[in-house]
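Sequences listed follow chains H and P, in order. Each residue of the first sequence is one higher than the one before, counting from 1048 in our numbering. Each residue of the second sequence is one higher than the one before, counting from 51 in our numbering.
Among the clues, some could well be false.
[What the hints assert, rightly or not] Below, a sample of chain P positions facing chain H; criterion: calculated Cβ distance under 10 Å:
no. : residue
1   : Phe67
2   : Gln69
3   : Thr126
4   : Gly163
5   : Gly166
6   : Leu191
7   : Ala192
8   : Thr193
9   : Lys198
10  : Ala225
11  : Phe372
12  : Ser376
13  : Pro379
14  : Ala386
15  : Ala390
[Claimed, not checked] Residues of chain P placed beyond 10 Å of chain H at every Cβ, according to the derived structure:
no. : residue
16  : Asp65
17  : Arg174
18  : Asp346
These aren't lab readings, by the way, just hints derived from the structure by calculation. For every residue, glycine included, the Cβ atom is placed at its ideal position computed from N, Cα and C.
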Amino acid sequence: MAVMTYREALNAALREEMERDPDVFLMGEEVAEYDGAYKVSKGLLAQFGSRRVVDSPISELGFTGLCVGASMAGLRPVVEFMTFNFAFLAIDQVINSAAKMLYMSDGQFPMPIVFRGPTGAALQLSAQHSIACETYYLHSPGVKVVTPATPADAKGLLKASIRDDDPVAFMEGELLYNFKGEVPDDEDFVIPLGVADLKREGSDVSIITHGKMVHVAMQAAAKLEKAGIGADVLDLRTLRPLDVDAILASVRKTNRAVYVEEGWSYVGVGAQIVATIQEESFDDLDAPVLRVTQADIPMPYAKNLEIMAKPNADRVVEACNKVLYRR
Amino acid sequence: MAQTKTKRKAGEPADAFEQFGVSPELALELLREMLLYRRFEEKAEEGYAIGKIGGFCHLHIGQEGVAAGSIKPLRTEDYVISAYREHTQALAKGVKPGSVMAELYGRATGASGGKGGSMHIFDRDVRFMGGHGIVGGQVPLATGIAWKIKYREEDLVVVCYMGDAAVNQGGFHEALNMAAVWELPAIYVVENNHYGMGTAFRRVSLTDMIEKASPYGIPATSVNGQDVLATYAHFRDLAEAVRNGGGPRFVDVETYRFRGHSMSDPVSGTYRPKDEVDQKTHEEDPIVMLRERLFDGGHLDQAGLEAMDTEAREAAREAADFADASPPPGPEALYANVWAEINPHGRLNFDGRGESPWR
Chain H
1048 MAVMTYREAL
1058 NAALREEMER
1068 DPDVFLMGEE
1078 VAEYDGAYKV
1088 SKGLLAQFGS
1098 RRVVDSPISE
1108 LGFTGLCVGA
1118 SMAGLRPVVE
1128 FMTFNFAFLA
1138 IDQVINSAAK
1148 MLYMSDGQFP
1158 MPIVFRGPTG
1168 AALQLSAQHS
1178 IACETYYLHS
1188 PGVKVVTPAT
1198 PADAKGLLKA
1208 SIRDDDPVAF
1218 MEGELLYNFK
1228 GEVPDDEDFV
1238 IPLGVADLKR
1248 EGSDVSIITH
1258 GKMVHVAMQA
1268 AAKLEKAGIG
1278 ADVLDLRTLR
1288 PLDVDAILAS
1298 VRKTNRAVYV
1308 EEGWSYVGVG
1318 AQIVATIQEE
1328 SFDDLDAPVL
1338 RVTQADIPMP
1348 YAKNLEIMAK
1358 PNADRVVEAC
1368 NKVLYRR
Chain P
51 MAQTKTKRKA
61 GEPADAFEQF
71 GVSPELALEL
81 LREMLLYRRF
91 EEKAEEGYAI
101 GKIGGFCHLH
111 IGQEGVAAGS
121 IKPLRTEDYV
131 ISAYREHTQA
141 LAKGVKPGSV
151 MAELYGRATG
161 ASGGKGGSMH
171 IFDRDVRFMG
181 GHGIVGGQVP
191 LATGIAWKIK
201 YREEDLVVVC
211 YMGDAAVNQG
221 GFHEALNMAA
231 VWELPAIYVV
241 ENNHYGMGTA
251 FRRVSLTDMI
261 EKASPYGIPA
271 TSVNGQDVLA
281 TYAHFRDLAE
291 AVRNGGGPRF
301 VDVETYRFRG
311 HSMSDPVSGT
321 YRPKDEVDQK
331 THEEDPIVML
341 RERLFDGGHL
351 DQAGLEAMDT
361 EAREAAREAA
371 DFADASPPPG
381 PEALYANVWA
391 EINPHGRLNF
401 DGRGESPWR
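Put together the whole structure using the sequences plus the hints.
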């Protein structure tokens, strides 16, 4: 075990997988000579050269499509988006090409490719740089969606994503890059996609979440504990494939659930989770499932408004109290 | 096809075979292939009319010279990728006629197992990379295939077809820029039939087609796609240059679509004059043009032509019979191949099928 930042964990995963498989290459804006807009690719150009660590022009649709084509032909590209907010320009190639290629060719073209970069809000980046983009990718069959919350998960899940034969939208967080944690050194440390992580156990309420909001949920659970309430905190880690069994196991224990997500509520990730819970475990519920999300507005710039717009621990506590019918 | 004899153009050498370096034997082979493409597409037209083929169906009739002339010089290992008017390009690259027709019919024996349809024909074995339905979407993909060729230091090329409308898409420009910067072995081919669906190219572009790649420093050439010998010679030379590290090329292939945009569009439509369609159909049919040359050179007679045509009709009929006799995909195909492993997400949510989820 070594203590490292989330950024360093991603870097280690990229380095190890590029050492392991000569078909893995990294392409994106500023990944090479600048050493990465967020330094995730630091040192990779020096180690692997410009054939495998490639600065692209600012052409999201173009370089994404190029990498999808390279994957079709047998390589294993890792595409870095400076943020998933910029990937709206590229999403046609993700959905219409990458996600559908295997199916519409009836299995002839597996599509090993990772699209990675930060999603969601950082600090005061305002409307066009703050969208939590998970739901856009989740909607489409054929794409896996991975949202690591910790350095260990960042490493283990990125390695699994690069080794996977399907397109993976691997969503990080600008505010997570400096987050430190223990990470196994083993170069075969791989976390399988589709396995949730129960971060904390309690018997009164289930707080289910993913990505950056795991940390908000943990803060909320600590506050609830002081009030004598035990909360499960379930980190889904991957949103497709989804660990339905882990969700249902927690709900069947606590009979109450709150979903926390950084994005908007309307047709958001939580809407899917609520649908799953009510379909498969309706009789286990003692209260409606509530969601804590971003306010239903484009992200404002002003600091006070931004704070008001984002989910926070107090709001999660409040939602938990509501499903517990506590004041 | 029209039976009118095409006059030899003034100044054209008596022997076009010699001029283009194409032997009469190879020319006969090109004629045989174009006849197959024509009869195949007519059979597809018929299949659509009788309800065997559904969805969108875009025929290549009139543009056969482009597919035959540009794919014939390629190697089996070279890649071809196209848009949604791709039936004959698939045939040219080596996909079996029965496999293409069965795909149009939506059958399990189709090139894409009946899951792709007319617009999504794939055959990995002969490196036919689709069949893509978003205008211009295949251009970045082709660039990525070229990237792989260069990455692996292979002695190959990718040929990417697109219609004239695709050059107004952003992805075209982004992809050509990268291909140029990284000197990728791609040949971008505009099958310029002058209409993007019903929109004449001149109405949506102030600059000529030949200029579209020049901002990126990619050499551009033009060739008459109705003249299959000229097209063949052009692509033979281009493929050689690109294969030898010459970087990408852009080719404006002048051609004409003898049918509507798709099966729902009448032959001339409201957007192009009937006179224009008649003139092109009668004077610039690629099959007639080659046939006349072969007649003139004494390499083919009427009986020989009829034998070849019978063979083509027979192959098209066999393809349709094969498709018709093939089963549709089984119910197990519905959820197969969404992911590379078995898709566990038939159970993601109840979708109106099967047992209740709370069972």
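- request: Provide an ascending list of the numbers of those earlier hints which the structure does not satisfy.
  value: Hints 1, 2, 3, 11, 12 and 17 not satisfied by this model.
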